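**Q** Here is what each chain is made of, one letter per residue.
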Amino acid sequence: GDSVTQMEGPVTLSEEAFLTINCTYTATGYPSLFWYVQYPGEGLQLLLKATKADDKGSNKGFEATYRKETTSFHLEKGSVQVSDSAVYFCALSLQGAQKLVFGQGTRLTINP
Amino acid sequence: SAVISQKPSRDICQRGTSLTIQCQVDSQVTMMFWYRQQPGQSLTLIATANQGSEATYESGFVIDKFPISRPNLTFSTLTVSNMSPEDSSIYLCSVDRGGAFNEQFFGPGTRLTVL
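Chains E and A, in that order, are what the protein sequence lines are.
If you read the first sequence in my numbering, its first letter stands for residue 1, the second for the next number, and so on.
If you read the second sequence in my numbering, its first letter stands for residue 1, the second for the next number, and so on.
Warning: the hint list may mix true and false statements.
[To be verified] Under the rule of at most 25 angstroms between Cα atoms (straight-line distance), these lysine to aspartate or glutamate pairs were calculated in the DMTMM-like manner:
1) E:Lys52 / E:Glu15
2) E:Lys52 / A:Glu103
3) E:Lys60 / E:Glu16
4) E:Lys68 / E:Glu8
5) E:Lys56 / A:Asp87
6) E:Lys68 / A:Glu103
7) A:Lys7 / A:Glu54
8) A:Lys7 / E:Glu42
9) E:Lys68 / E:Glu15
10) A:Lys7 / A:Asp26
11) E:Lys60 / E:Glu76
12) E:Lys77 / E:Glu15
13) E:Lys60 / A:Glu103
14) E:Lys60 / E:Glu42
15) E:Lys52 / E:Glu42
16) A:Lys7 / A:Glu86
17) E:Lys77 / A:Glu103
18) A:Lys65 / A:Asp87
By construction, these hints were calculated from the structure, which means they are not laboratory data.
This one's a predicted model, so the numbers in the text were calculated from it and none came from an experiment.
Using the sequences provided together with the hints, build the complete structure.
**A** Now the structure itself:
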């Protein structure tokens, strides 16, 4: 079945470090890909998305590129801030399926 | 985007009781979804709720345990019935505003603790 695999957490970095959170997927069709973020005590927020191969989603300094050849959608940020501390979820949806399949989440902590 | 509210935001309940969670959206939407997030875990879809029809449940979830209502295009409820400590989770509703890419917007969640 369709699935999403994220890198194991937790991830701890210092402020201004470079961030990569790996995400790979398995899908029977041609999915749309998403990164959601959950800040402490809050609900999920859509961070960015990409809907076709080679699309790059970007928001708040975060980027992810839809790589069909490697079935990946890795999240990157060049210089993280303490306020980026949160849990990040990679997710996919298939056209017509109308539901999201989530990865297990990666907890990110940024130290000043 | 969509503004989604949930009530209650949190609750502590006794084993064997039931809790109904409300989800209100600021505009009409076709699809509403209910997810469960168990402690330290990812989100799992419970069911999809369409207005005017029975909810569609995912494998492992049944209507007797999680009855859902969808009386109109801006509102839905999820009931967690005959609760046990294993039901302690965050329950989130989300909406799909339409379009081709199934982008969903989430409510703030209801944190449920069952003693």
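**Q** Which numbered hints does this structure break?
**A** 1, 5, 9, 15
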